[in-house]
Amino acid sequence: MMDVKTAGRRFAAAASLVVSLLLAASGAHAQATYRIHVDGLACPFCAYGIEKKLSAVEGVARVETDIASGTVAVTMSGEATLDEATARRAVKEAGFSLRGFEALAPVPSGGVAK
Amino acid sequence: MRRPVVAALVPLWLSGAAAWSAPITFNTALPVHEGGWVLREIYLKLADDPTPARREMRVAGVVSVLGYGLTRDLALFGMLPWFDKRLDMRAGAAEGRRDARGFGDLGVVGRYTVLERNAPGRTFRVAPFVGVKAPSGRDDARDRRGRLPPPLQPGSGTWDVLGGVVATWQTLDVQLDAQASYQANGEAHDFQAGDVARLDGSLQYRLWPRRLAGGVPAFLYGVLEANLGHAARDRIGGDRDPDSGGTTLFVSPGLQYVTRKWIAEAGVQIRVVQNLNGAALGHDYGVSAGFRINF
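As you go down the protein sequences, you meet chains A and B in turn. Residues 1 to 114 in our numbering are what the first sequence spells out, letter by letter. Residues 115 to 409 in our numbering are what the second sequence spells out, letter by letter.
Hints listed in this document are in silico derivations from the structure and should not be mistaken for laboratory results. Note that CB positions come from ideal geometry on N, CA and C, so glycine has one too. Possibly wrong hints are sitting among the right ones.
What the hints assert, rightly or not - DMTMM-like cross-link-like pairs, simulated, lysine to aspartate or glutamate; straight-line CA separation at most 20 Å:
id: 1; chain 1: A; residue 1: K52; chain 2: B; residue 2: D202
id: 2; chain 1: A; residue 1: K52; chain 2: B; residue 2: D187
id: 3; chain 1: B; residue 1: K159; chain 2: B; residue 2: D187
id: 4; chain 1: B; residue 1: K375; chain 2: B; residue 2: E148
id: 5; chain 1: A; residue 1: K92; chain 2: B; residue 2: D187
id: 6; chain 1: A; residue 1: K92; chain 2: A; residue 2: E64
id: 7; chain 1: B; residue 1: K375; chain 2: A; residue 2: E64
id: 8; chain 1: A; residue 1: K92; chain 2: B; residue 2: E230
id: 9; chain 1: A; residue 1: K92; chain 2: B; residue 2: E148
id: 10; chain 1: B; residue 1: K375; chain 2: A; residue 2: E102
Stated by the list, open to error - If we take Cβ atoms under 10 Å as the criterion, some of the chain B residues that face chain A in the derived model are:
id: 11; residue: H147
id: 12; residue: R186
id: 13; residue: L229
id: 14; residue: N232
id: 15; residue: G235
id: 16; residue: R236
id: 17; residue: Q289
id: 18; residue: A292
id: 19; residue: R324
id: 20; residue: R374
Stated by the list, open to error - Residues of chain B placed beyond 10 Å of chain A at every Cβ, according to the derived structure:
id: 21; residue: L153
id: 22; residue: D257
id: 23; residue: G260
id: 24; residue: L338
id: 25; residue: H344
id: 26; residue: N389
id: 27; residue: A393
id: 28; residue: R406
With the rest of the complex left out, here is chain A (with noise of 0.2 Å):
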């Protein structure tokens, strides 16, 4: 027979499977996430202006600077989305040119990712 503490935390277990299935299934998780390449960024302390300015853009939850390949990972927050024009305004205020725009991760229903 199972005690009080084993049955307790199979119920967490199957409580927590289904609110992680019924996420995915709506897709309110699925952050949407891009990549940004820019040119002429080529030293840390340059890094952080362009940090500054695209993670004051609204939605914006996690901007990841790979200074080797020039590149800016940006991870939006609930179904949030990214544009190339607002991307490229943000790279430009910070001193710099942008060569690329990538969506990476599936964009939420309604949203849209150039």
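We have chain A already, so just place chain B on it with the hints.
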């Protein structure tokens, strides 16, 4: 007393404008992001050679610099130095020490990027700049012998203007900067410091990390700079001072540790060539250390 280290102090407000990842002793053409601020604090110490009169002047200073990206191409820098100046005379009737300390002149420099070529992991930029130095510092310091000579005053008492152009080529491994500038000095108290023309060059080489992995690692740069300056003769009461002005060349090795948010740096300015007029005081060496913060 002549004008000993005014020419040597010119780089001070030029380097003040170098608020970004940049040479230690002068400016750069690298961008200041729009709406971005950067604070730079520089400590420097300059010393002059003892002359036959056994004069020796030492200048220690701290320069506070605040930079702002007005637009992506136009950056403004405000600089306020604080000086501790000492002149020791060890021979003749004037034997003894004269000194003064206090805030120097407030300087403002505007820099505009006119040419920009970006590629993956590299950039080339050219940016002219103009600046003005206001007579905001104290220029009437006195001791028991009377008013201190102009070079010992923390402030100049004059409006001075500065213009020049800086070019920067930066890759992930190396950075080259070159600058040409000219400073025209005004007159106060019957004294006019000679105008100063300068040519500067800088090579920065990434020493560490040798290989770049992911993310934004901190860089350690080795820095080698050269500063060539020519100062015209001063004018005292309208007449040229034969014991002032001349040409100097310094080589400045240094180290710079650059992170995303801050930079720490230090360098030594070593005299290589010094061709001065008359008995003008020479410039022996300089030491500078500082940090910059992005916000």
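> Tell me, which hint numbers fail for this structure?
Replying inline: When the structure is compared with the hints, numbers 1, 3, 10, 13, 18, 19, 28 turn out to be violated.
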